[in-house]
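Working from the sequences, and respecting the hints, build out all of it.
According to full-length UniProt numbering, the sequence shown holds residues 1 to 384 in order.
These are calculated hints, taken from the structure and not from any lab test. All figures in this text were calculated on a predicted structure; none of them were measured in a lab. Errors might be hidden in some of the hints.
Pairs of lysine-lysine residues, derived as BS3-like cross-links and limited to a Cα-Cα distance of at most 25 Å, are as follows [as the list claims (entries may be wrong)]:
{"hint": "1", "residue 1": "K73", "residue 2": "K86"}
{"hint": "2", "residue 1": "K43", "residue 2": "K27"}
{"hint": "3", "residue 1": "K66", "residue 2": "K86"}
{"hint": "4", "residue 1": "K39", "residue 2": "K27"}
{"hint": "5", "residue 1": "K50", "residue 2": "K39"}
{"hint": "6", "residue 1": "K66", "residue 2": "K50"}
{"hint": "7", "residue 1": "K27", "residue 2": "K41"}
{"hint": "8", "residue 1": "K178", "residue 2": "K210"}
{"hint": "9", "residue 1": "K93", "residue 2": "K73"}
{"hint": "10", "residue 1": "K93", "residue 2": "K66"}
Quick list of simulated restraints, FRET-style, between CB atoms [claimed, not checked]:
{"hint": "11", "residue 1": "K181", "residue 2": "P237", "range": "49 to 55 Å"}
{"hint": "12", "residue 1": "S65", "residue 2": "G95", "range": "23 to 29 Å"}
{"hint": "13", "residue 1": "S65", "residue 2": "A180", "range": "38 to 44 Å"}
{"hint": "14", "residue 1": "G95", "residue 2": "L42", "range": "49 to 55 Å"}
{"hint": "15", "residue 1": "T244", "residue 2": "L338", "range": "19 to 25 Å"}
{"hint": "16", "residue 1": "V176", "residue 2": "E37", "range": "36 to 42 Å"}
{"hint": "17", "residue 1": "S349", "residue 2": "K178", "range": "51 to 57 Å"}
Ideal Cβ positions, reconstructed from N, Cα and C, are used throughout, including at glycine.
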Amino acid sequence: MSGGELEEDYLSDKFLVDAGSSSSAPKTYAQIRKEAERKAKLKNEQNRLKSRRQRELESREEGLSKSLFERAKEEEASGIVSSGSKALSIMMKMGFTPGQSLGKAEEPKPVPPAPSEPSEPDDGPATSTSAQPASTEKGKSAIGHTTEPIPLSEWGGKKGIGLGKRARSPTSAERVAKMAKMAKVTEEASHRDYRDRARQEYEERRAEGKLGAMTRCLPRYLIFVGAYPELPFYIGPAQRTCVTLDEQAGKSFHVLWLNPNNPDTFPPGLLDALTLRDVPNLPHEQQGEPVQVRLRRQMKADALQPLEVSEGTTLKEAISLEIFSSEVVDEAIQFLRLQAQDRLHLVLSYLRDNYAYCFWCGIQYDDQEAMENQCPGPDEESHD
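The structure is reproduced here in structure tokens:
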């Protein structure tokens, strides 16, 4: 065999390299798919553009995690030419030096040497004793002042042990608990409103009962006119007392006699005058009144012949002119618009001021001075 035809040694590097390059086994489909997914994911992350909000969040976290001095050192080490931070420049102008505290540096106080005793020629312990206060003072000066600015710490919300970031949206249980709490608050408010409304209605009914209870009384002007000769006139005890005292004083009508729940308290013509003014809460015909009684009353009112009082003036017109002036109509409108409690208060105040009569005592005193001395007070609570 010639030298050129010699076979290569099987231990040579040529065989090893060829074996290494050609010994790779064929990959399975799953391996090829995983490798393709990994390459696609890596390429997607490299080419993906972050959103503006994410970039701002990362920039904010990076800025808060580094102090001004660390940022200045990084810029100086990287060779970036920047104008510098305004906050750092202001601190430098105020005399701050990185690594040192603000204010005047404290000088260590000199420690007086300990007196040496003649009985102890060895001054070794004295040296150690004098060195200890110096080191203590030095440690105090080093620890007593802050050499770094206070870092900015943001409140991350209430966090307990093992609790991470708060959930961005409440869970189903939290929503159910919140809705149950809202329903409970609404129910309590409705109960409170119902109690207040029921109390107000009770006070109104109570005042209406004192003001407009069914008590028989007939004013004189109804006798003069003759419109209701056979029907009783119903007003409450407070208004009945007011009518009685006014009639004794010679008055034929007063606005405080009116009861918006009873049309019989209105003299003839006043209800029509109030209707022209569009007054709310005007009384209507009595409920349950027999048709025969209503027709008989209307027929008798139509059959009445007016009596002549003076030349061309009837008694009915005279009473109307006397009662239904514009001031009286306006006062009646304002009185009818009030609640029962307010109307009762006006009637009782009128009785006390004009007749020295206390409705709660049931007594008419001789004068105002006697009423002030003997009456407990103007309201019902004072008489309990």
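Outcome of the hint check:
The suggested pairing of K73 with K86 holds, with an alpha-carbon distance near 16 Å, which does not exceed 25 Å. Taking the CA atoms of K43 and K27, the gap is about 22 Å. The hint holds against a cut of 25 Å. At roughly 16 Å between alpha-carbon atoms, K66 and K86 fall within 25 Å of each other, so this suggested pair holds. Of the supplied pair hints, the one linking K39 and K27 holds, its CA atoms being roughly 16 Å apart against a limit of 25 Å.
Our distance criterion of 25 Å between C-alpha atoms is met by K50 and K39, whose separation comes to about 19 Å. Of the supplied pair hints, the one linking K66 and K50 holds, its CA atoms being roughly 22 Å apart against a limit of 25 Å. Taking the CA atoms of K27 and K41, the gap is near 20 Å; set against the 25 Å cutoff, the hint holds. Only pairs whose Cα atoms come within 25 Å are accepted, and K178 paired with K210 is rejected, the gap being roughly 48 Å.
Proposed proximity of K93 and K73 is supported: the alpha carbons are some 18 Å apart, at most 25 Å. Of the supplied pair hints, the one linking K93 and K66 holds, its CA atoms being roughly 22 Å apart against a limit of 25 Å. Look at K181 against P237: about 50 Å separates their beta carbons, and that is inside 49 to 55 Å. A beta carbon spacing of about 27 Å between S65 and G95 agrees with the range 23 to 29 Å that was offered as a hint.
Checking the proposed 38 to 44 Å range against S65 and A180 shows it holds: the Cβ atoms sit about 42 Å from each other. Between G95 and L42, the C-beta spacing of about 52 Å keeps the proposed range 49 to 55 Å intact. Here the CB-CB span from T244 to L338 is close to 22 Å, well matched to the stated 19 to 25 Å. Between V176 and E37 the beta carbons are some 41 Å apart, a value that agrees with the proposed interval 36 to 42 Å.
A hinted range of 51 to 57 Å holds for the C-beta pair S349 and K178, which are about 52 Å apart.
When the structure is compared with the earlier hints, a violation turns up for hint 8 alone.
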